[in-house]
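Q: As a plain string of letters, each chain reads:
There are 4 protein chains.
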Amino acid sequence: MKYTEKGVEELKIAYIGGGSRGWAWGLMSDLAKADDIHGTVALYDIDMEAAEHNEIIGNMYTALPESKSNWKYKATKTIEEALTGADFVIISILPGTFDEMESDVHAPEKYGIYQAVGDTTGPGGIIRALRTLPMIEYIAKKIEECCPGAWVINYTNPMTVITKTLYKVFPKIKAFGCCHEVFGTQKLLAYMLGENGIANVQREEIKVNVIGVNHFTWLTEAKYKNIDLFPMYRDFVEKHYEEGVRNKEEDDHWFNKFFGCDNRVKFDLFRRYGYIAAAGDRHLAEFCEGKWFLESPEKVDAWKFGLTPVSWRKQNLKDRLAKSEGLRSGTVPVEIKETGEDGVNQIRALLGLCEMVTNVNIPNIGQIPNLPLGAVVETNAAFRAGSLTPVFAGEIPTNIYALITRAVAEQEMVVEAAANRDLELAFTAFANNSLVNLSCEDARALFDEMIENTKEYLKEYFK
Amino acid sequence: MKYTEKGVEELKIAYIGGGSRGWAWGLMSDLAKADDIHGTVALYDIDMEAAEHNEIIGNMYTALPESKSNWKYKATKTIEEALTGADFVIISILPGTFDEMESDVHAPEKYGIYQAVGDTTGPGGIIRALRTLPMIEYIAKKIEECCPGAWVINYTNPMTVITKTLYKVFPKIKAFGCCHEVFGTQKLLAYMLGENGIANVQREEIKVNVIGVNHFTWLTEAKYKNIDLFPMYRDFVEKHYEEGVRNKEEDDHWFNKFFGCDNRVKFDLFRRYGYIAAAGDRHLAEFCEGKWFLESPEKVDAWKFGLTPVSWRKQNLKDRLAKSEGLRSGTVPVEIKETGEDGVNQIRALLGLCEMVTNVNIPNIGQIPNLPLGAVVETNAAFRAGSLTPVFAGEIPTNIYALITRAVAEQEMVVEAAANRDLELAFTAFANNSLVNLSCEDARALFDEMIENTKEYLKEYFK
Amino acid sequence: MKYTEKGVEELKIAYIGGGSRGWAWGLMSDLAKADDIHGTVALYDIDMEAAEHNEIIGNMYTALPESKSNWKYKATKTIEEALTGADFVIISILPGTFDEMESDVHAPEKYGIYQAVGDTTGPGGIIRALRTLPMIEYIAKKIEECCPGAWVINYTNPMTVITKTLYKVFPKIKAFGCCHEVFGTQKLLAYMLGENGIANVQREEIKVNVIGVNHFTWLTEAKYKNIDLFPMYRDFVEKHYEEGVRNKEEDDHWFNKFFGCDNRVKFDLFRRYGYIAAAGDRHLAEFCEGKWFLESPEKVDAWKFGLTPVSWRKQNLKDRLAKSEGLRSGTVPVEIKETGEDGVNQIRALLGLCEMVTNVNIPNIGQIPNLPLGAVVETNAAFRAGSLTPVFAGEIPTNIYALITRAVAEQEMVVEAAANRDLELAFTAFANNSLVNLSCEDARALFDEMIENTKEYLKEYFK
Amino acid sequence: MKYTEKGVEELKIAYIGGGSRGWAWGLMSDLAKADDIHGTVALYDIDMEAAEHNEIIGNMYTALPESKSNWKYKATKTIEEALTGADFVIISILPGTFDEMESDVHAPEKYGIYQAVGDTTGPGGIIRALRTLPMIEYIAKKIEECCPGAWVINYTNPMTVITKTLYKVFPKIKAFGCCHEVFGTQKLLAYMLGENGIANVQREEIKVNVIGVNHFTWLTEAKYKNIDLFPMYRDFVEKHYEEGVRNKEEDDHWFNKFFGCDNRVKFDLFRRYGYIAAAGDRHLAEFCEGKWFLESPEKVDAWKFGLTPVSWRKQNLKDRLAKSEGLRSGTVPVEIKETGEDGVNQIRALLGLCEMVTNVNIPNIGQIPNLPLGAVVETNAAFRAGSLTPVFAGEIPTNIYALITRAVAEQEMVVEAAANRDLELAFTAFANNSLVNLSCEDARALFDEMIENTKEYLKEYFK
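Listed in order, the protein sequences are those of chains H, U, X and Y. Counting in this note's numbering, the first sequence runs from 1 upward without gaps. Counting in this note's numbering, the second sequence runs from 1 upward without gaps. Counting in this note's numbering, the third sequence runs from 1 upward without gaps. Counting in this note's numbering, the fourth sequence runs from 1 upward without gaps.
The hints are simulated quantities; they were obtained by calculation from the structure and are not laboratory data. Please note that a few of the clues may not be correct.
[Stated by the list, open to error] Distance condition first, Cα-Cα at most 35 Å in a straight line; then the derived DSBU-like pairs of lysine-lysine:
1) U:K168 with Y:K223
2) Y:K223 with U:K68
3) U:K6 with Y:K337
4) Y:K455 with Y:K172
5) X:K172 with X:K323
6) H:K6 with X:K223
7) U:K74 with U:K459
8) Y:K459 with H:K172
9) X:K6 with H:K187
10) U:K463 with X:K172
11) Y:K74 with Y:K2
12) Y:K459 with X:K304
13) H:K33 with X:K187
14) H:K187 with X:K2
15) H:K223 with H:K239
Bound conformation, chain H alone (with noise of 0.2 Å):
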């Protein structure tokens, strides 16, 4: 890469995954929107076929007149020649295919076990880590090998214990999982400052403290201006808490009618704790003991969020595949939408475009002290010029100090189970999981059919 007065030119971002339909587009969006940073974008895909098409489709984003940048996109037959002289890395990747999701989603519901997602914790989060983290080492040492200094940045769930893994075989590796759930609780925020007569607050300008995990973050402090946001939340929780409160922004967004909320969850957490749980209720109901939120799915209506069957997922790749196939002929136009990830900005501030403070993944180095060091922490972070740097996020409180510790030391295990092909130790972080509220020969009877379902990605466990 090379500073120019246009920015940077000449990056190299490798985007392992880079096959996606849905995702990758936006991203190319993204980039077209940059007006700084310019380069090539290497697709690699274990469907090469579908990361060719990416490239087509890139590169008309690239074409498009609207572009404010210059980006070639281009598919790659090997994972190395993707990461060689790669300035940046994107990891997106889907583990095994819908038939194991389903599997980790549906085959707990004969013992009363509904998920909502199955890709983070629960039964299904956990067996679904099993076969990536494998993966994901494969994709950390090749990352040493060819592009030891890049920047990593992982999107793949689950997201804490993907990062961790990349971190325990390179440990010089300069990773960090990207998600957006936060934002939603910050629009949120917005949305009830609107209620309070303050309107057209950015979701930005809603200053928080992050502090927790993926998926299970906590505000411990919201700020906008001078005014602490903690008190017209519980006003605001109290008003709408039997209703909820559908927030309507965020449905105007692709996938979310699929997986909106009405933050019912949320506000019985704040409720029981008296802290902003932030992020959607879909993740936060999984965290916690199954018979609150997710004991049937009619409980679940009640809490006026929705359980995802993979049978969606599985019609929706459909429907992906075919505006894949329009978009690559040219019948779909191709469009730059904002897409309220922040990935793009993040990799300006990296190399020292701009500077922000965001939420970020990253091992704690002591950003949540009373967390163990090491583990994968959501905190928000300083990105500079070439360097990320966790904001001290405090000590988790003790009123969710058991809910977060619970779910760390889950992620601790899964993450030493499957670096040790350690089934023994996964079944101990599997049979206490909140969701799991099993006896112990039910559990393993579980865990056991949940292995036999997915076996054909678990082969490195059974040499």
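Got chain H; can you put chains U, X and Y on it based on the hints?
A: Okay, now just chains U, X and Y, sitting in the frame of chain H:
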């Protein structure tokens, strides 16, 4: 006090709750057996008559021909009289009456919540704490006023929050909580050695690393001479998992016939976590998910431990009152017996008459680095002339980290709630308890009912 | 205060030491240049007349046609009047007179101890602290009483112990110490970039990780865009080690012609330790062994920095008094100038009008994990609406760990000594200072003499 | 090994440096006095003949009629032979010859740097470490290979960096450093009790809290029964400050007539810092500013301790060689004597034959929370069957924090420098040493000279 050729003479022990029918007699017996400490035991109790009876009984112990020491027992009208000049203070009180305990233990049953003891954690333990801690505040202030340099030994439950409150009120107090539950597990390990051909091992010979909080302590190391007992225990658990093991030796102790267990909970926890839980099953079960061991009286039977009904405690109290009357009037003879408690030896060690390493409950100053500083924890400690110093116990292993942190967080909240008379914070702790797995509304209804039931002892919270 | 379309209006700043001849005028200039904050500056000074003069001068700044904001300056008779209702408090006082400073700086010379400044560490800094901290206690109590929610910016030296004392007296204070010394090193690095063909870099573009204590701060990272500046600095040091580098830009600043340095001390410290010391050489030298840089005035000359004699300060004060009179009477025009201070922008960021990451002195809550919690340290911090949060600085590298811990321990002792009026502890700190390399007897004699010399301001210690 | 009615039989101790003329004989004597451990001592030495002589002498000890145990001594040709099957390993070697030590101790004198011992810190200790640590690496690797489960007791200086290196090379090693210097201070306190009318106190009865690093240990608590010894020590110091106190009992020990001290340095440090330094004055002085106690031989005389010239060591070695020959040939009788070392009892405790709390050098896992984790520190520890666990020592008090951290930082740098064969880092440590108070140039010249002098043993650094 003074050091003489007889050891230490003119020692003064203040016994708060000195009217006890039962535990006090054990202390009298242990003091009679020690040959190098002598002095006065001041008995204070809100039931003055009970203290006076124990004055008579205590002096009978001293008068026994086999008594090796010279102790004078004296009931005092005021707590100040008992404490002034005391070198040691023993706190062993019953907070409230068994009527309050009836609510603690049985009120939650209508929500399907069963408790084996109800004095440590669970809804009962939390409510008990709320009424006990203001009493402890009073005692701590009196200690600061009357005998700030005395060593304070607490035997009262809930032990952790009481010990913490003593330090909160009077930070320079030299207090510790003393509990024999770990000894039972050492005896179980000795029994196991017997099964493996190594007979007659004494519990003190089993060297253990103790870690956790009172009644939820764990062993991370257990050694006999050069034998690591973990592999042997693993086999032992598998062999006895279904039928359990009743520790015969334990049964000889007077109260164990109503309190025994077959260690099946302990074995299940070993299967789940790989570490040796080291307290009675009745206590251990209360720290776990309710569904695991305490789902119903039938499940409890199957796990082979007992729910102690408060009706039994009420009957037992009558029996003990009768025994007290018998002792006092001479119709029942006083006898020196083995109690298995460490208390008197701890006193001797603090006086520099011996040296010992044993488990104790004191604030965490780093002996467990991954628990909050200041939280009261149970680990080994060295008792040496004038000093009690924790032995470094190490980090809580990841496998059980979430279990212990949940207990610690609850205890920290309960202490804070009591200190600030803050029932909202108490409710946060209550609703987050592993046995109280209820909706926010149900949790609130139960909490309110239990507060109402015991309000006579909660007046401080409603000023 | 209120937020309007002009930014924030009706802000109140209390300026303690508001009669300052010099520093105050810089603030006035900076405030006049900011276009989005407006309000009142209350000037309090024990020299009421000086404050009144600055009231006149300040209002002259506001009246300048190029002033972008609307600030009203008002001298107050009492500190309470100044503080009541204040949103921000600035503390910039001279503790004692230059007569006391004469003893601080010059009394040790008879023992071969030379000090370049004598206001931070060394025998002079310690004695200065002893007389300053009781004043700071008074101010802290008044802030707690009159404006407990105000942000408090301290500019007074010794900065570390003052900031610590503010927190010690009023733990909920929102105070920080603000110092521009690091900026000089950023400018030196910009100069170095110029030598390497990269011209016109602004100091803010040099992104640094700041770690240490005030006036003894170090850079463990320094980046410009994607350039790691450490290898370049290594060459720069070797090239200029002998003759040094005089930072021209610095010289333009009014006070630097008497305070400048050629950075030879900085270069020597880099050779010794491999990290970039980031304060003026006059300050750096005082934290090192006396023999290294301050052995004699001749050595100081050879190291190309200056010992600032107090006689110069006395003369300079006369000049500033004359200038004050000139400004007040209109014979010298008020002018808006660049001060290079961050203070006004920090105020704007705390109001939510911008966001910034810059270095600041606040208690260690973990931003430097291997320094004692609670010690005041200097690191980067994020200034955002209503919150000031340290950026994680990392551990002090082993190479300089002993240097920093020595400074920290001294400061902790001095704060404790002042708080408890404990001259014995103050002596322990004094005798352990790196410049006071004397026998216990000589150290005591010097200490006693310096206490005697300044006893008029130490009455608190002899009550 | 096996446990029998005789205690433990068939134990194997590997003694690295087993050709020692002096220290080995003490061990033989201590083993002969223990009645419950028996087995083989394998003597390995690079001087095979010396080991063979000790084989003969050791078996003479066993043959003594008063010997209570049955130990067979055997010289081995290879280190592997000695280590294989060992239950315990003792490391007591001389790194290099007294010629190298002559450079360590005397080369710095031309810069006015005097060292009393030169084996721990100071320029001599650092250079000695550089040549020793590669040897220790080799030994650690051999232990990992041949007897990874053995307990390893190091007696060699510089003890701290050696113990640290053992752990660095083989992290699972069960090693500790063993030193009797603290005992001398306990004896001094017993002497003080005698002066105060309490006679015949044994050193073990003085219960102390030990904190610091080897040869720079401090007592923060010292108790005899219920007596706090600090106030008594304060008076004792004032009484004896000028003339000092020669500990008579110490003088009986064979080597103390050349190594004694009158404790004036200890008293001066108490005056300065208020804590009891607990090592011989010769060692303590080397950790302080050179100007305080080691400015010149005359000053050393005035402080009443000795500089041990290496010429004396050379002569003494000749004497010991003669004694060895005498013992071997039977002209000098072998005798069982009191050594005062704890080593054999530590072995017995680790075997579960007794239990003890004593001071030991092991990595900091939190026993001193305000020192870096992993740094080797000296504190009390509990020796119990199969486990060695530090007793929590508490934080280094602020008064002496800077002293200890300076020593720790030096040791951490030296270990790192040796591990990486990095003489630049070694120089940073060297130039920062409190005795090396030189300009950067002079420090470099001295460093280079000392390296040159001892280069035969530093070949690893020049590959």
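Q: Compare the structure with each hint and give your call.
A: Status of each hint after checking the structure:
Of the pairs offered as hints, the one joining K168 of chain U and K223 of chain Y holds, with about 26 Å between alpha carbons and a cut-off of 35 Å not exceeded. At roughly 27 Å between alpha-carbon atoms, K223 of chain Y and K68 of chain U fall within 35 Å of each other, so this suggested pair holds. In summary, the hint linking K6 of chain U to K337 of chain Y is supported, as the alpha carbons are separated by about 33 Å, within the 35 Å threshold. Restraint check: the Cα-Cα separation between K455 of chain Y and K172 of chain Y comes to about 32 Å, which is no more than 35 Å; the hinted pair holds.
Our distance criterion of 35 Å between C-alpha atoms is broken by K172 of chain X and K323 of chain X, whose separation comes to about 39 Å. Under the criterion of a C-alpha separation no larger than 35 Å, the hint pairing K6 of chain H with K223 of chain X is consistent with the structure, at around 20 Å. Of the pairs offered as hints, the one joining K74 of chain U and K459 of chain U holds, with about 32 Å between alpha carbons and a cut-off of 35 Å not exceeded. Using a Cα cut-off of 35 Å, the hinted pair K459 of chain Y and K172 of chain H holds, with the two alpha carbons roughly 31 Å apart.
The suggested pairing of K6 of chain X with K187 of chain H holds, with an alpha-carbon distance near 25 Å, which does not exceed 35 Å. Note on K463 of chain U and K172 of chain X: the hinted pairing holds, with a Cα-Cα distance of about 28 Å set against a maximum of 35 Å. A threshold of 35 Å between alpha carbons decides the hint, and for K74 of chain Y with K2 of chain Y the separation of about 20 Å falls inside it, so the pair holds. Our distance criterion of 35 Å between C-alpha atoms is broken by K459 of chain Y and K304 of chain X, whose separation comes to about 40 Å.
The straight-line distance between the Cα atoms of K33 of chain H and K187 of chain X is roughly 34 Å, inside the 35 Å bound, and the hint therefore holds. Taken as a hint, the K187 of chain H and K2 of chain X pair is honoured in the structure, with Cα atoms around 24 Å apart against an allowance of 35 Å. The straight-line distance between the Cα atoms of K223 of chain H and K239 of chain H is roughly 20 Å, inside the 35 Å bound, and the hint therefore holds.
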